[in-house]
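Take each chain as given, in its own frame, and dock them per the hints.
Protein chains in written order, with our numbering: chain X, 1 to 337; chain E, 1001 to 1232.
Keep in mind that the hints were calculated from the coordinates and are not lab data.
A couple of the hints might just be wrong.
With a cut-off of at most 16 Å between alpha-carbon atoms, the simulated EDC-like pairs for lysine to aspartate or glutamate come out as follows [what the hints assert, rightly or not]:
1. X:Lys91 to E:Asp1147
2. X:Lys29 to X:Glu205
3. X:Lys62 to X:Glu77
4. X:Lys93 to X:Glu77
5. X:Lys101 to X:Glu77
6. X:Lys101 to E:Asp1055
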Amino acid sequence: MLYELRDVKRFYNNRCALSVDRLAIEGGKIYGLVGPNGSGKTTLLRILAFLDEPSEGQIIYKGSSVTSQNASLFRQEVTMLLQNARLLTRKVKDNVAYGLKLRRYDSKTVKTRVVEALEMVGLQPRDFLNRAWHELSGGEAQRVALAARLALRPDVLLLDEPTANVDKVSEALINQAVIKAKKEWKTTIITVSHDLGWLYSTADEILSLWSGRIVHQGPENIIPGPWEKLENGLYCKRLRDGQKIYVSGAPSQSGVVSISPSEILLAEHPERTSARNLLYCFIREMAYCNGSQIRVTLSIGEINLVALITDEAARELKLSPGMNIYVVFKATAAKWL
Amino acid sequence: MEYIFSGIAEAFVLLLKGDEEVYSAVSATLRASTAAIIISLVIGLPLGFLLGYFDFPGRRFFRSVFDALLALPTVLVGLWVYAFISNRGPLGGMNLLFTLKGVIVGEVVLALPIVIALSAQSIEELDLSVRDTLLTLGASGKRLLFDILWEARYGMLMAAITAYGRVISEVGAATMLGGNIKWRTRTITTAMAFETNKGQFAMGIALGMILLLIAFIVNSTLSYAKRRRQTR
Chain X
1 MLYELRDVKR FYNNRCALSV DRLAIEGGKI YGLVGPNGSG KTTLLRILAF
51 LDEPSEGQII YKGSSVTSQN ASLFRQEVTM LLQNARLLTR KVKDNVAYGL
101 KLRRYDSKTV KTRVVEALEM VGLQPRDFLN RAWHELSGGE AQRVALAARL
151 ALRPDVLLLD EPTANVDKVS EALINQAVIK AKKEWKTTII TVSHDLGWLY
201 STADEILSLW SGRIVHQGPE NIIPGPWEKL ENGLYCKRLR DGQKIYVSGA
251 PSQSGVVSIS PSEILLAEHP ERTSARNLLY CFIREMAYCN GSQIRVTLSI
301 GEINLVALIT DEAARELKLS PGMNIYVVFK ATAAKWL
Chain E
1001 MEYIFSGIAE AFVLLLKGDE EVYSAVSATL RASTAAIIIS LVIGLPLGFL
1051 LGYFDFPGRR FFRSVFDALL ALPTVLVGLW VYAFISNRGP LGGMNLLFTL
1101 KGVIVGEVVL ALPIVIALSA QSIEELDLSV RDTLLTLGAS GKRLLFDILW
1151 EARYGMLMAA ITAYGRVISE VGAATMLGGN IKWRTRTITT AMAFETNKGQ
1201 FAMGIALGMI LLLIAFIVNS TLSYAKRRRQ TR
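Just chain E, same shape as in the assembly (with noise of 0.2 Å):
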């Protein structure tokens, strides 16, 4: 048990000590995954919207695509994205393996399914007196559209969040797209892989615990949200 207490008394010197090697990876976390989130919301809530909203031959269909695709495997996701991206690939000539964009891609066909299947899902849940509200208030075009999307907030929330929980603590896709370098691609999760595998407890700790404090809030938001939605 010993080696556990100093290892997490080592991951505090090491958190206030500001050690660049774990806010390195601190930093290829929130990048890679704050980038992968906002490009899955802005292609991933208007095709929400639509899926949801709009009733259109093959739409159960599509439904059920992305509500399978809610429990994709993050390493068969790495596996795709860099048959795609490697030298070999479609996209070989864009140099995105072993890149942090090549883990943003990655992170995007994780989050997209969920910020669309969690989106369409809060627009339907909205039902059509939200709609009817609006057009008897004389709402009409794209304000009305723009409006049931507001009303939908907290459920969009609900979506982005979900998907922000889902790529910063993925591990399979982050390491075969990313190659785990130092300074460059490694993300939290990992460098706790890798350095457990060293036997380094401390920075695995000390970067959990930063992991552990993202996910708490990330939580906390989504509670928020959840509430919210509940007293619509």
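Extracted from the complex, chain X is given alone in its bound form (with noise of 0.2 Å):
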């Protein structure tokens, strides 16, 4: 096991920013964390870093617990690419050999491992090795700071928002390189990303944060409230574009809703449905993930639904990102967080 994390959490003027029981992280793997903003995402990642201490709890990395004193030496083996990352004030080339000059690597070797880097995150090393940090774009700059990451070969990447102010050509680079940092060097990658279609195609585990918990492990629609009561022992909540949602059950104190993807349905036409939630939604994103099944993208409202369907269902309902497609799940589906 790379990490361990036992019942650990993160306090930030008393006020409980993560808190996680128990997680074990695999190596090799790609994790997505998903979850609303103030969710403790970025807190975990900060953690997981060895950026940050928790403020109670243990971290075990690679069998050895974590402590102030050790956790330099295991920030030579894991690395994070900030929300805003910053360049350091130097040339492009001194800021991908920065971490390999502290890492004492050989002239030749970093050189090398410069160029490699940047070629990865599509920059090409002729026009950009001597451009200095203030001549770059934003999407330049995002990728450059990535190149200084990957020339390390990291054992762990962590990535905060990596595309969040970037391009779609810079995106889509940075996306590759990721991907590309796994299958070469066995890279461990846990990223939170607002892009949910990668997110939910590339990921090995998906966890679900909420309020500084990890609620669920695998994709998972979250819905937050309010929610009125209804007479009938029914919850809705209204949507912006005034459908509504439907959930049943007692509320619990965080009024937040999950829903498989796996309860949820698609159909094409609105039909007469035992189902109490029937809404008319727009699909965003369709992305493959593991094999045969295709990760649905909705949006409904203010809200995005994530549905799995089979590659058959979505070839007989000639699904395609764009079109308009109606959702079916039933209020006991929901269950309160």
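Structure (structure tokens):
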């Protein structure tokens, strides 16, 4: 096991930002962290990168308990691309070579790795090696920052929204480079990304976070409140487009429900159905996952839902991104968190 | 107006002929201000780093003190240092009064708060992401601190140049502590004040042109540092 977290808590000003009872992370996999803002994704990444110490609990990395004394040693194998990654005020080649020089690689290896890393992120070394940090666009700067991490061939690469502020071309190149790092060096990738389609299609494991807790391992739809109580014992959430989501059961304190993607069905036409929820939505993304399954990301009002369907079902319904379709699920499919 | 134009013409003659009195004042100014700025940087940069980087009890108080000292009147510095280095003062035995070393002490007192306050500010403005970036790339210990300092280098350069601009143009402390002694402690500014009082405009204007040239170089370097800092 690469990481083990036991009863880890992190407080900021007496507010618990993260509370993980148990978490095991295996090497060589891609883990995706999903959850709304403030759910503890970045806090978890920073703890896994040994940038922050947990307020309570224990982290075990490759069988050794992590302490403030040995954290810098483990940081030689683990690196993180911060959300607003900044470059050092140096040339591109010095930025990418920085970590390699710290690790005392010989100059030939440094040169080779710098060129290789820049090529991995789609930057021509000939054009970029001698550019200063301030001569790059936002997307180029982000790719140089990623190249500086890839050059290290790290055991663990933690990414905090690596494509949040970049153009589409940079986004695609960053995503490709990350997958290549996993394939070529068996780097474990732990990433937060707004690009759910990419995340769900690439990640081996998905961890859903809510209010600092890991609420589910695997893809899950998380729907926050407010919920209106109805006379028939159901609760309803009004979406901005006027549609309503109905759920049953007694609400939890958090007022948040989760629905498994496998509980969500897609229908071409509105039909009579025993399911309480029939919602008209728009297909944002489709991506293969786990072989024959297709993950469909759907937009309904202000929320996104993910449904898992078979390849065959997608073909029968002639699904494609951009088309409108109906979503069907029972009120009992939702679980209060 | 004629005496002004003839003063300017004479000033060029003094400069081009290499007038010893003019260049003695320039030499004294450069020696005193350079020594003062080196001492201030050696003491001030580490203190500025500590004040800007580490969080400790009383940090805000010290920051306010050094910020307030940025506007320290030079005559007040002259008075205080005079009290310490005069024969009756605690450092009287060191015979610093009316020497260039005495002027240097005064200029260090003037420059030090500027170096400390501005370097602390440049470290604070770097924000935590620089530290995090360096940590994620594997830096630690002394290397981490050194590289944070390096990332703040344009801010540090600004602190040094601002302090240099202040000491090279000050007149109060240099007059009180150096005594404006010809060939020894007479600096550009004290000589300008003295020669103008005597009606020797040519000498004053010649020294003024050199001071203007130095100020131009200092300000150009300051602008460069500011530009580089903004592109960070």
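Status of the hints after comparison with the structure:
Note on X:Lys91 and E:Asp1147: the hinted pairing holds, with a Cα-Cα distance of about 15 Å set against a maximum of 16 Å. About 8 Å separates the Cα atoms of X:Lys29 and X:Glu205, which keeps this hinted pair within 16 Å; it holds. Proximity of X:Lys62 to X:Glu77 is assessed by CA-CA distance (about 11 Å); at most 16 Å being required, the pair is judged to hold. At roughly 21 Å between alpha-carbon atoms, X:Lys93 and X:Glu77 are farther apart than 16 Å, so this suggested pair is violated.
Note on X:Lys101 and X:Glu77: the hinted pairing holds, with a Cα-Cα distance of about 14 Å set against a maximum of 16 Å. Between X:Lys101 and E:Asp1055 the alpha-carbon distance is near 30 Å, which puts this suggested pair outside the 16 Å criterion.
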